Every structure is written in structure tokens, then in C-alpha cells.
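Fit chains Z and E with the ligands to the known structure of chain G by using the hints.
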Amino acid sequence: MASGVKPRVKVPKSASAGEVVTLKTLISHPMESGQRKDKDGSLIPRSIINRFTCDFNGQNVIDVKMEPAISTNPYFEFEALVPEAGEFTFTWYDDDGSTYTDTKPIEIV
Amino acid sequence: LALGAMALTVLPFRANASVDDLIAEFTGGADLADSGVDLTAPEIAENGNTVPISVDAPGASEILVLAAGNPTPAVATFAFGPLAGSRMASTRIRLAGTQEVIAVAKLEDGTFARAAKTVKVTIGGCGG
Amino acid sequence: GNWARLAAQQRLTQDDLLAMPAFGNVSLIHITDIHAQLKPIYFREPSVNIGVGGNRGEVPHLTGAEFRKMYGIEDGSPSHYALSSGDFTALARGYGRVGGMDRVATVVKQIRSERPDALLLDGGDTWHGSYTCYQTAGQDCVNVMNLLKPDAMTFHWEFTLGSDRVREIVEGLPFAALGQNIFDAEWDEPAELFQPYKFFERGGVKIAVIGQAFPYMPIANPSWMFPEYSFGIRDERMQDMVDEVRAGGAELVVVLSHNGFDVDKKMAEKVTGIDVLLSGHTHDALPEPVLVGETIIIASGSNGKFVSRVDLDVQGGRMMGFRHKLIPIFSDVIAPDPEMTALIDAQRAPYADQLSEVIGHTDTTLYRRGNFNGTWDDLICDALLTQRDAQIALSPGVRWGPSLLEGDPITREDLWNVTSMSYPEAYRSEMTGEFLKIVLEDVADNIFNPDPYYQQGGDMVRVGGLSYRIDVTAPAGQRVSEMTLLRTGEAIDPAKSYTVAGWASVNEGTEGPPIWDVVESHIRSLGRVQLGENTSVEVVGA
Ligand SMILES: [Mn+2]
Ligand SMILES: [Mn+2]
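Chains as they are written, first to last, in my numbering: chain G, 1 to 109; chain Z, 1 to 128; chain E, 1 to 542.
Only chain G is shown next, with the shape it has when bound in the complex (with noise of 0.2 Å):
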């Protein structure tokens, strides 16, 4: 696993049912390309994130297929339909067979 994986979130703490809300994700990862080479000129080897997913409710809202051309510190905007209350749960995927999770939990009002 890369060292000091750290996903963040920003998910509204309540919608109205049939709302469409703003979600935004960050997750601090170097995302090595596999294109670039160390001091001594050897390539370092690929380590990225390559798949993010967000479901709500066991309903999935986006599925992301993420190359080498991803930044840094993948980040991800984008809109979900709240039907009900319920949790979101966001999952990030490593090359290294790592899964990073985090969930937030929605009201509705």
C-alpha cells in the first residue's frame, strides 16, 4: 500500500429526497506514471490509483476508469440523485491491490 493514502470528501449533510447534490473527492497519492526515472536513470515503476467508484446505497453513482494522466492527488467532481437517506460510499482502487474507503452519511429534510 502507498504510504499516507488519505481520502477526503465533501458531501452535503442533508438534501432533500430526489435532490441532485455536488460531490467532490479528494485522495492525497502520488500517483506515479511508470514514465519517469529516478537519479540513477532507471524507470520508476507505475503505482497509481486506476478505478474510484462512488455508490449510494449499494446504487452506483460514477465508476471511473483512471490512467497515468491523472494528477497527483486524484480529484473528482460530480453530481449525485439522493432518492432517500442513506450513506455514500466512495472507493478508491490501487495498483498494489489496496482499496481506500470512505463513507458519508446524507439526511433528508
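Nothing false has been slipped in among the hints.
Taking lysine-lysine pairs in the DSS-like style, the calculated list, with each CA pair at most 25 Å apart, reads:
(1) G:Lys-24 - Z:Lys-117
(2) G:Lys-39 - E:Lys-496
(3) E:Lys-266 - Z:Lys-117
(4) G:Lys-65 - Z:Lys-117
If you're looking for bench data, these hints aren't it; they were derived computationally from the structure.
Model, not experiment: these values are computed from the prediction.
Coordinates of chains Z and E with the ligands only, in the frame set by chain G:
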């Protein structure tokens, strides 16, 4: 005026052959409409290592993003699920020099749309 | 001849300079790009300012006699001296220095005595550009501006004080710090420290002032000094802000901008509903507003040389008419405001000996402004070549920096006025011919790209030891040719490495002595500065 930008090749790149391959793979060779997907990117990148882009294609199930001038043009593919609130997404990407960023949307009616925007990656310096 | 000029100057009075029959119900006062010039200075306007694309031949891309013809300005008149190039040294001797924030204070007070509700708006590039500004990390300028009591400001070079210092100052400002395009870089959300706009109730009119900071800060200046922030033109958000303030009852929408003139023109075309756009950054001074659609654009010069007054008649939520006056600050004609003089002098007192030390004399009028070389930059490039033992010198095409007249002493203050910045290291490094070409092409495209949104508002990088030809109409990457090493007369070889000295690199960790030490050593070794005509850049397509 920057020196370390030597690592960047600033000259515009020629479209990489694999851009066409990647698009063909995504579309199955279907025609691309000129409207139907919006791609937002800055005219000039503040930093070529982290260029904000947004794609928005109402009615899209998936949007493919490519950077035509990168050594490897693939950037990301956004697939929208049943609870997507819109068919919009933003992220930050790496651009190895001034080049065209391309978005191709697969619309729910089975057609495809394409948009492109040139982003300048500059050495900078100087000013008023 | 000189007689007529001196007579003209004697006839010039403060009342003449300030007189403007009051009009309408709202007054705006605009100052911008002061670059820490608290005392009167000389400032030569450019003789080369090329417009490209749709701005070819349009103001502010007219200079000298063409500019005077456009505005009906008589040769040798005060307006000739203040607004255009040509006969600069002689006119400067006749008309004297310009600017001085104590003179600006007099003008502001006078306008406020006639129009107590006038809004004073500062377009930025205020806390940068002098010895005392550098030594006090901007505090001298902050103190002076606080006494002048602006209602709002926006930003550019201020950020080169570093984001911690900017936060410290902005948190204590007794007026609005505006920038609708200043964003938190991490979450891409409006930065909390800066408001996009502020409402004012003046003259019975609800006025919204929207700020627009310099869009290309992290490119033109070192982004590592303010990594928390992102900028950009963000004209769609500007439209949202205009719509928002209109919906909030704004009867007059003013944009206080640091975009640069051509960028402002394009933004005024794209964004509807802006009544008055106060333009800064490119240091243009225009005696009349430029009209784009229903927006008037005001350009108020730089270095404290001008104050713009705009009177507006606003009725029923509409701008019905305007009167405008670009007031040149002739420092011998406008009486200094004693309170401001005392404050400025108190700021300078601890540094008096350093400021006034004469380090040489110049037999050539020294100036900077212009798309290509200015004599100040020729001197700086010579200093880099000799003091840093380089084949080629590069000096940034910044637009700030006052002028000195031939015969003048050069004090340390004068030298710092054209070099002071927070990243002054004079580097020395190897660059290939190929990379030098990339540098020149890249900077050229920042000036001569026909789309104003790609222009960063500086001038061309100045070169020493190198000549080249530039076709300003050619596409990006193909403008520069015939690059020649002056020392040998040989063509620059893309594959060969050259020793290059320069300064103001935007890269973190750049090493070298500060540029002012390099130039001071050079001037001291010369004693008297004498510069020949610089013919190293051949411009075509202008
Ligand atoms: Mn300026
Ligand atoms: Mn500026």
C-alpha cells in the same frame, strides 16, 4: 521566466496515432457528432502537472477523456450509474506540453459526440 | 522649443488638471499599478506596443505620434508628455516628475470634497516595486493606502509577498479585498479570504464592485509562493456574479480588474451587464474610455502617474451617461497633501541613507516600457553578461519601473525601483540553443497570441548577447528566427549549450546573488552609464 521547465517539452505535439485507436475502441468505429459533449479546460494551464478539466454530456452513459499530446494519451473514462445526478464530472490531469484534450461521449441513444480543446502549457514568467 | 514648454507648464494649474464639471449621481476614482512608487518619478510611456489579431491598430496599441493623432493631442503639450512617447527627455525636463502618492492624495481629497460619496478603487500591483516596499514586506504601501482610504482593491504582485504575508495584510485591511477568480486550489472553491464583490450605497445608488485578480498569477509569478490559490479568467463565473448582483438590486455594476486591457475587452464582450470596467495590469493610460457593447473600459496608467475620475448618471437601475477624466499627476503642479507627505517620509526615514546613495550616473535616458528592449533592461542585461560571465542574458519583460533622464545620478532607490521583487536571484546556467528558442517562442506567444485570453500582459523577455528576428503575425512556435550569438556573430546552434544569466525565475530554489547587487556592481564599475542603440531585435509584421 522558468528554467526547470526544461523538463517539459513545450512545443505542440502531433496527434498520437493511438488517439484514433483509443477512440475507435470506445466507439466501435461509429461517427462522432460535433455537439453533445462539452469539455471545459483552461486556455493556459496554471501548472501542466495539474490541469482542471470538466466534461458534461447530457444523456451520456460514458465519457472518454484523452490527452492527444501525452506519451500515453489515455486519461480517464467516466461511467455514470443509475444515481448519477448529471452526466458531468471534473478532475485534474497531467499534460506534457501544449496539446489538445479530447472528450468523447457515448450517448444513451447509441450515438457518440466529440469535443476538443487546446490547452497551452507555458514556461511563463514575466508580467505587468 | 523649451520656452514654450516651460511657459505651458507655468500656465498649468492644479485647478486645470482637476477641473471637471460634476455630472450625474455617482463618482468612481480609479488608481492602479502603483508598484510602490510613493514619491514622484519619471515614467516614459512605450514607443512600441504592438496589437495583434483584432487589436491590431486599436488602442492601447498606438504609440507616439499615432496616439496623439488619434486623440487630437498637440505635440509638446502636457498630454503629449503624460500619455505618449516621443521627445521624452526634453519634455520631462520641462514638465518635471509625475506621480507621488501625496499628490494623488490631494486629487482624491479634492474629488471627495466635491463628491463625498465617490468610490475609490485600487486595481492592484500596489504592494510591490521599491526598496522600502521590499524591506517592509509591503507595509509602507499598506500604510499609505490605508490613509488614502480606498473602498476596495484587487491583486497581482501582492501575492509575491507569499500567501502568509498576504493573509496577514488582507485580514487587517479596512476595505474590501476582492477577486471573484481567486480560488482555493485544493477544492476549487472560492477562496474564503477574498470576496467576489461588495455592495455600496453611494449617491442613492446601489453599486456592486466585482473584483477580478490577475488571471495568470501562478504562471507569470512563482506559484510556490502562493500554492493555496488558483486564479484563471473564469468569465462564466464573472457572468454569474454580475447576474447575482443585479438580482440583488445592483443599479450599477463595476468590475475592478487586473486582467490587462485586451483581456478586459474580450471579457466585456463575453460577459453582459457590466457598466464600468476599471482595467489594470497592462499599464495603459487612455484619455477616453473604450466602449465595448454597453460597457465602458477605463485604463488609468501605472506608477501613480494618473488618477481616473468617472462620473456616472444612474437612473432606474441603468447607466444613462458618463463623464471621464484621466488626471495626470504633474508633481510640480499638484500640491502634495501634507498629511500623506509626512506619512511617506516617516516610512522612508529608516532607509534614507540606503535610498539616497548615488551609485553612478547615466548619460542615457533609462526606461523600460515597450514590447522589446528598454534601456534599463539593456543595462541590466549588460550587468548580467559581465558580472555573471555569461554569453547570453535574459531579463523579464515586466512593465513596471520608472525612468531616469540622461545626466541623472542613479541612486540605490532608482535601481531598486526597476529590480525590486521577492525572487531576485540572478542565476547562471547552461541552456541549449533549442531551449533558448523555446523560451523566446513561449514568451512571444504570451504577448502576440491573437486571442487575448492567451495573453499574460507582459512584454517580451529582454535579451543580451543575442539577436533575433520576430514575426509577430506568425503562429506559435514559428515567430522567432535568425537567433545569433552577438559575441561571435554565429547562428545559435539548437544542439549547442550556452551560458545564460538571468533573473526573476519562477522556479523554487533558484540560486544567485540578487539582481540589484549585480547591477549595482556593474554601474559602479562603469561610473557613468552610456548605452548605444539596441538593434538586436528585428520586428516584422507589426
Ligand atoms: Mn502592474
Ligand atoms: Mn500586474
